[in-house]
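For chain H, the structure is supplied; the task is to place chain V on it using the hints.
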Amino acid sequence: MKTQPRLPALAACLVMLCALLPAISPAKAQTAEPADVVRNAVAHFIVPTHQKFSDATAQLQGNLKSLCETPTATHLSQTRKDFDAVIVAWSSISIIRIGPILEDNRLERLLFWPDRRGIGLRQVQALLVTKDPTALDPESLAKKSVATQGLAALEFVLFGTGAETLAQEAESFRCGYGRAISANISRISQDLLTEWQAKEGFAAQWQNPDPDHLHFRDSSEALSTLVSLFANGLAYYDTVEMAAFFGETPDNDRSRLALFRRSDNTLSLLQAGFSGFERFYEVSNLASLLPEGSGWIDDAIGFGFHHGGAALDTLSGPIADILTDPPQRSKLAYVRTVVRGLGDNFGMDMTGALGLTSNFSSLDGD
Amino acid sequence: MTRNLIGRRTFLKAAGASFLASLSPAQASQINQSDALFAAAYRDRSGGYGFALMAEDGHVVMQHALPVRGHDIVCHRETGNAVVFSRRPGTIAVAFNVRANTPPQSIQAAPDRHYFGHGVFSADGRLLYATENDFANANGMIGVYDVGHHFSKIGEFPSGGIGPHDLMMLGDGRTLAIANGGIETHPDFGRAKLNLATMEPSLCFIDSVHGTLTEKQALSPSLHQLSIRHLDCDGAGGVYFACQHEGSPREQPPLFGHAQPGKPVRLFQTEPAHLKKLRNYVGSITANPQNGTFAVTSPRGNTMMVLDGQSGNIILQRDLDNVCGLSVNRGHFVASTGNGMLCDAQTGVSSTGPFGWDNHLLNISG
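Line order of the protein sequences matches chains H and V.
Using our numbering, the first residue of the first sequence is number 1, and each one after it goes up by one.
Using our numbering, the first residue of the second sequence is number 1, and each one after it goes up by one.
Okay, chain H solo, but in the shape it has when bound (with noise of 0.2 Å):
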């Protein structure tokens, strides 16, 4: 009737190597209040990641316009480029699902995903097919369907099939349904930014908690949902971000379903994203606020982000290619390994040693 430790096998051993060698980091002595890191979070990732996230939504859509009025290869070429690193400033604003993002469906309509009915797909050949004219129209776009105006839509609309028309044919009925997408994902990032900015609102509840707010409380609120921000982040890239392609074993591998595998984005996703969870964590310098004793869960944190990322960076090609290259597939095997322990970091060992109570019963509840 005694219960088993559930924390992965290799997560518990990088915890006790690390417990073994203190000198690498020694335990940090509290320098910095609740508030403070909430401030750093947002002010030194949040709000530059949003207008990184801005900036290259709105170079998209410049270019896509050039690309309709002018068809060529080499513009084409660009406008996939700008594409990518729209992806890569994605992966930094797929760790804040919290707030903003969270009215009027933002998350959705920049994102639907996962659709695992391929519902999104087929209303967006839909519209293709039918060259319903309203969807050329971004305001009248972002009242379609959710799955029709993000960044599924438009990766289709870039890379699917028939994609290499955008190359030939001035103003077409494509070209200009992904220049309306790309203008709904730049209002919405715009607007993103706006409200991370502003001195009112959920952002500036955040970092001033008050018991008269209807966001947070208390200083505990605040810290407890940016611990979640990792523990809830690191869950969700591990069991839908990766456990989408990444089977139980290669025969249950489905490449296919794989995030933005058909712009061979995956892999960059991922690797900017579990850097994203890095610098999220080094700029908000919530180890400070480890107490004395429990600085080993920072050197723990920071064993996971060095092996993980190292691991990460030695990939390259499509994620159907690495899926089929053992050495490399054992490699992303690994990465989920980490990332699990990272999650146990955050979520239990960093929790506890905050004195945050939630994150159980209260976060990713039923």
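Rather than coming from a laboratory, the hints here were simulated on the basis of the structure.
Everything numeric in this text was worked out from a predicted model, so none of it was measured.
Do not take every clue at face value.
Unchecked claim - Straight-line alpha carbon distances no greater than 25 Å define the calculated DSS-like cross-link-like pairs of lysine-lysine that follow:
1) V/216 - H/199
2) H/144 - H/131
3) H/143 - H/131
4) H/131 - H/65
5) H/144 - V/277
6) H/199 - V/277
7) V/263 - V/277
8) H/131 - H/199
9) H/65 - H/81
10) V/216 - V/263
11) H/52 - H/81
12) H/143 - V/153
What the hints assert, rightly or not - Pair by pair, the computed Cβ-Cβ distance ranges are:
13) V/105 - H/117: 29 to 39 Å
14) H/288 - V/352: 39 to 49 Å
15) H/282 - V/45: 48 to 58 Å
16) H/117 - V/265: 22 to 32 Å
All C-beta atoms, glycine included, are put in the ideal place defined by N, C-alpha and C.
What follows is chain V alone, placed relative to chain H:
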């Protein structure tokens, strides 16, 4: 949950020598001295999961490990049969008997189904109904299990919507009330919510004998992102229900109400100052038909409320970190927390045990 209780004396009498002999002297003493016994799923300090019986003072008198996180526990008054369900998208449930010292028995979901964490016994205790996901077709199902034949699955019928969560057997012993949360999920993508922009929650009444839908009740279209999740019987042919809002955090929709076959569904209006304490998330609801009240908990808001069952007026509100589980003991609501606390809502008397208690609490002693 208050359903399917057995009396403490009945428990002790029926459990008899075999159960008590299985306990240590200290555990047996705790049972004899305790006025109540509760059951709940738990997480231990090393991250392991299981379920346990605990005395009123929080001492654990029986525990059993689970390979995955558990959720709700149901118990049948006359037979003492009990089942703990794994949390979605879990595929196992574990049956045990609170009166007999027999080994727990695993119940495995069909290969194309998973559990949502809740179930209910038929009035005679011969059948077990479980909320399940036909994930390939995104259909909610009710699985039917033959208790007397090792809980073998003998049938199923549609739940009337997507994402059924909690369910209740009404006082007529025939009608099932089912909370269809409206959220599509698929095990390939973990716990990701796939249809938040288009979700349609409902509350369905189904004839359990024929598996036919007798009535489907829905909230207004403007509340289509208000996921109906948990239920409890009012003792007069209806149910109280509790919701979790998946829409904008800025919105503050009502979060609980009452439904009964043949009557319009009713949402209780709550003052915004109180409503915001719930953080748009009610984790559990339990009724006390003896005095016409019900209670709700919000682990995100770290608060619980006791309300009048007719008016919905708040009678009592208590702040408790990570509170979620609810039950009734001797006319008082008892709450459990993810920090291991059991607390009498009326008196505030509390005790803390060794485990973090999961979302639901069952009083098996009446």
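Structure-based check of all given hints:
1. V/216 - H/199: Outside the cut-off at roughly 45 Å; violated.
2. H/144 - H/131: With a Cα-Cα distance of about 14 Å, the restraint between residue 144 of chain H and residue 131 of chain H holds, given a limit of 25 Å.
3. H/143 - H/131: Distance of about 17 Å is within 25 Å: holds.
4. H/131 - H/65: The given pair, whose Cα atoms are some 18 Å apart, holds under the 25 Å limit.
5. H/144 - V/277: It is violated: about 34 Å lies between the C-alpha atoms, which goes past 25 Å.
6. H/199 - V/277: holds, 23 Å
7. V/263 - V/277: violated, 30 Å
8. H/131 - H/199: Distance of about 43 Å is beyond 25 Å: violated.
9. H/65 - H/81: holds, 15 Å
10. V/216 - V/263: Status holds; Cα separation ~11 Å.
11. H/52 - H/81: It holds: about 15 Å lies between the C-alpha atoms, which stays within 25 Å.
12. H/143 - V/153: violated, 45 Å
13. V/105 - H/117: 29 to 39 Å: holds, 35 Å
14. H/288 - V/352: 39 to 49 Å: violated, 30 Å
15. H/282 - V/45: 48 to 58 Å: violated, 29 Å
16. H/117 - V/265: 22 to 32 Å: holds, 29 Å
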